[in-house]
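Number of protein chains: 2
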Amino acid sequence: MSRIHATYLIETPYQPSEAAEAIANEQSSGTFVEISAETDNLAERHGARVEEVTEQETVDEPTLPGADAPSEASDVAEYTRATVELSYPMENVGTSLPNLLTMVAGNLFVLKELSGVRLVDLAIPEAFATEQPGPQFGIDGTREIVDVRDRPIIGTIIKPSVGLSPEETADTVETLVDAGVDFIKDDELLANPPYSRVEERVEAVMDVINRHEEETGETVMYACNVTGDVDEMLRRHDIVTEAGGNCLMVSLRSIGLAGVKRLRKESDLPIHGHRNGWGALSRCPLLGFSYEAWQKFWRLAGVDHLHVSGIRSKFSESDESVISSAMECQTPIASEKPILPVFSSGQWADQVQDTYEALGNTDLMYLAGGGILGHPDGPRAGVAHLRQAWDAAMQEIPLEEYAETHEELQTAIEHYGNA
Amino acid sequence: MSRIHATYLIETPYQPSEAAEAIANEQSSGTFVEISAETDNLAERHGARVEEVTEQETVDEPTLPGADAPSEASDVAEYTRATVELSYPMENVGTSLPNLLTMVAGNLFVLKELSGVRLVDLAIPEAFATEQPGPQFGIDGTREIVDVRDRPIIGTIIKPSVGLSPEETADTVETLVDAGVDFIKDDELLANPPYSRVEERVEAVMDVINRHEEETGETVMYACNVTGDVDEMLRRHDIVTEAGGNCLMVSLRSIGLAGVKRLRKESDLPIHGHRNGWGALSRCPLLGFSYEAWQKFWRLAGVDHLHVSGIRSKFSESDESVISSAMECQTPIASEKPILPVFSSGQWADQVQDTYEALGNTDLMYLAGGGILGHPDGPRAGVAHLRQAWDAAMQEIPLEEYAETHEELQTAIEHYGNA
Numbered sequence: 002m003s004r005i006h007a008t009y010l011i012e013t014p015y016q017p018s019e020a021a022e023a024i025a026n027e028q029s030s031g032t033f034v035e036i037s038a039e040t041d042n043l044a045e046r047h048g049a050r051v052e053e054v055t056e057q058e059t060v061d062e063p064t065l066p067g068a069d070a071p072s073e074a075s076d077v078a079e080y081t082r083a084t085v086e087l088s089y090p091m092e093n094v095g096t097s098l099p100n101l102l103t104m105v106a107g108n109l110f111v112l113k114e115l116s117g118v119r120l121v122d123l124a125i126p127e128a129f130a131t132e133q134p135g136p137q138f139g140i141d142g143t144r145e146i147v148d149v150r151d152r153p154i155i156g157t158i159i160k161p162s163v164g165l166s167p168e169e170t171a172d173t174v175e176t177l178v179d180a181g182v183d184f185i186k187d188d189e190l191l192a193n194p195p196y197s198r199v200e201e202r203v204e205a206v207m208d209v210i211n212r213h214e215e216e217t218g219e220t221v222m223y224a225c226n227v228t229g230d231v232d233e234m235l236r237r238h239d240i241v242t243e244a245g246g247n248c249l250m251v252s253l254r255s256i257g258l259a260g261v262k263r264l265r266k267e268s269d270l271p272i273h274g275h276r277n278g279w280g281a282l283s284r285c286p287l288l289g290f291s292y293e294a295w296q297k298f299w300r301l302a303g304v305d306h307l308h309v310s311g312i313r314s315k316f317s318e319s320d321e322s323v324i325s326s327a328m329e330c331q332t333p334i335a336s337e338k339p340i341l342p343v344f345s346s347g348q349w350a351d352q353v354q355d356t357y358e359a360l361g362n363t364d365l366m367y368l369a370g371g372g373i374l375g376h377p378d379g380p381r382a383g384v385a386h387l388r389q390a391w392d393a394a395m396q397e398i399p400l401e402e403y404a405e406t407h408e409e410l411q412t413a414i415e416h417y418g419n420a
Numbered sequence: 002m003s004r005i006h007a008t009y010l011i012e013t014p015y016q017p018s019e020a021a022e023a024i025a026n027e028q029s030s031g032t033f034v035e036i037s038a039e040t041d042n043l044a045e046r047h048g049a050r051v052e053e054v055t056e057q058e059t060v061d062e063p064t065l066p067g068a069d070a071p072s073e074a075s076d077v078a079e080y081t082r083a084t085v086e087l088s089y090p091m092e093n094v095g096t097s098l099p100n101l102l103t104m105v106a107g108n109l110f111v112l113k114e115l116s117g118v119r120l121v122d123l124a125i126p127e128a129f130a131t132e133q134p135g136p137q138f139g140i141d142g143t144r145e146i147v148d149v150r151d152r153p154i155i156g157t158i159i160k161p162s163v164g165l166s167p168e169e170t171a172d173t174v175e176t177l178v179d180a181g182v183d184f185i186k187d188d189e190l191l192a193n194p195p196y197s198r199v200e201e202r203v204e205a206v207m208d209v210i211n212r213h214e215e216e217t218g219e220t221v222m223y224a225c226n227v228t229g230d231v232d233e234m235l236r237r238h239d240i241v242t243e244a245g246g247n248c249l250m251v252s253l254r255s256i257g258l259a260g261v262k263r264l265r266k267e268s269d270l271p272i273h274g275h276r277n278g279w280g281a282l283s284r285c286p287l288l289g290f291s292y293e294a295w296q297k298f299w300r301l302a303g304v305d306h307l308h309v310s311g312i313r314s315k316f317s318e319s320d321e322s323v324i325s326s327a328m329e330c331q332t333p334i335a336s337e338k339p340i341l342p343v344f345s346s347g348q349w350a351d352q353v354q355d356t357y358e359a360l361g362n363t364d365l366m367y368l369a370g371g372g373i374l375g376h377p378d379g380p381r382a383g384v385a386h387l388r389q390a391w392d393a394a395m396q397e398i399p400l401e402e403y404a405e406t407h408e409e410l411q412t413a414i415e416h417y418g419n420a
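Quick mapping for you: the protein sequence lines, in order, are chains R and U. So the first sequence is numbered by the working numbering: it starts at 2 and just counts up by one. So the second sequence is numbered by the working numbering: it starts at 2 and just counts up by one.
Source of the hints: derived by calculation from the structure; they are not laboratory data. Small disclaimer: the values here were computed from a predicted structure and weren't measured. Some clues are possibly wrong.
Treat identical chains as interchangeable: a pair holds within one or across any two.
Here are the simulated EDC-like pairs of lysine to aspartate or glutamate, each with C-alpha atoms no more than 20 Å apart in a straight line [to be verified]:
no., residue 1, residue 2
1, K113, E321
2, K113, D351
3, K338, D351
4, K113, D320
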């Protein structure tokens, strides 16, 4: 029978193996006293199992509050960190993605045996993965729509994030498509406010994009933020599709795994997954989820693009972590399609070379807001400078050298480099 | 125009007021350089506003990694903690609950200006709250179904959590209803596995409960865990209703706000909200959400019961925090119904008196798993001992004294007290 393997980074005042058993117990058949119906046979068939415990360093102070001393000790002298791998019978959840989340990442976060607990990896059997919708478009399907093959998809976020009417949004989009972007998205803060209803916004925006396509033959992807109630999202999917739209954006946490799956079921369009709120689950290194583990849920639910922040971004994540996240997105889960990591936040030419070198490929979206709209010579120069930076990286020419013969890049370096 | 007020506990290497402005900027119209379309007028109408900054202590080390020193300083000497209140224009999200979450608790968790950030309170205007479904039953509606008025609703979780067939589950339920419980729930780990499909389980269980009702006139509430994809949940709602069922349980995070709202829209039954995974959002005191803020989203989405752990539980939460959570559930949001806090985890007679004294009322569910099934004289004695403990508390008689004349309570004290 298939088992699902979950790996946790833990910190504990107990022996790490005891703490691991506490997780296994809590997440399968545990209660606080032995009860008669809980036979050995049942435990054997349905119990979680500790597969491996790898001790790491000890620390003097607990990372998280609420851990209890083992009953034999009055004071805790040290807390041991360890990586522990558990396996769970797939039979306990069948092929239900929402319930998998409860099994591998439920109550365990509040166990007293732990002063730190983070789900760092998840190995999902083929038998589970193949029953999930998974991404419909992934990297290749998205590339096909915008007809961009051998370089990153260059995109932007409509700014200001909030406050523009549908007409003002369309005007901004006109500037951006004229500037040469491949991809445009709504900000996560703009969904369906009274001053910019999805119906009106998508119609105004797609008018511009469709006209641009007729004139130039170039398809620009517009990720319309359809986040909302289930029925609203499904209605907006239809509105977007009818207007000739080609991408749906959702705030993942807000709609949940069930919401993403429902939308994916109906959708003929790529789903652009926004991870706002992710920091609450990840920023404490001894709590929550690693991106490696977390992203698997959303990909199996059906997203095609996932945000990963960016190198030297305005956010707190380390560059190593950003790159590792992006590489995860590009790695298939079982036979599901790999997806596009979306780089964003404070991005301009500066981070291109390092991003390319770390990844070794261009299977990504590279989004810049201020990096395009804020270019001193205008948005067209903003897009040009990003394309030039990627050309330089792919040709292994130092950025400064390439800038000598590429004005937009030169101006960007002078402008943003001193900002 | 209505504004939504959110209060955060922050820690920052900056001046707290600067850090608060960074949140306001990120969560309304921010990007990393000034851009032309962002007029003062728009910022005035759509910008978030810092309402109040209350400095607290300083610390030498950052709680969370990834915070940057202010540019003028090379090293950070200290980090200041502060409570900051921001207000957001309701117009930015309209009345969308999923998008409210993004606005008040989105990217801000990863701001470099912060080494700690937790949403600790949320004041939602009447104009927003009245547009939400809210709880359909709440405290009074739930009490009416089970006809329990002047004491807590005593309940239990079917154990072992996993592994029982529908028939074995029904057998356990028979024992429990005979024992006198008011409420029975599935464990959050048991939803719809191959060995216990909801259709079969609910039919088997409701057979027992309906027969019990015919025989005794007593209605026992069964919270069937219907967590799953949206369509699955709606189908299960119908199955549960047709079988005469009277409560639906869902794992909140797994189905998201959109999933809860969709179920609530269809549902004729109370929704029992399970908060598994909540610890990942709350256990670091300087990250994530306070329960006060977090529970408001789910209540507005429509849950009638919400878990709050329990006093002296097997989990990490402090007793003060548990009580404060419970009191929040009992406090109405605008004109919405208050809901039942669900006490659970390692509960038996021991915690009753303190729980009652802290709350001053019995508007709660008091769940015991091992505390009922593990009683040496059987489940009937298990339920009896809990009822006795609550009788003692409400009559202000010390537990030990009451136990002298109540055998089940006496046995429980001897048994669990020494476990």
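Here's how the hints hold up against the structure:
Proximity of K113 to E321 under the C-alpha cut-off of 20 Å is restricted to the inter-copy arrangement: shortest distance 16 Å between copies versus 31 Å within a copy. Taking the shortest alpha-carbon separations for K113 and D351, only the inter-copy value of 19 Å comes in at or below 20 Å, while the best intra-copy value is 46 Å. Within a single copy, K338 and D351 get their C-alpha atoms no closer than 30 Å, and across copies no closer than 53 Å, so neither meets the 20 Å cut-off. Taking CA atoms no more than 20 Å apart as the test, K113 paired with D320 passes between copies only; the shortest distance there is 13 Å, against 33 Å inside one copy.
Of the numbered hints given earlier, the model fails hint 3 alone.
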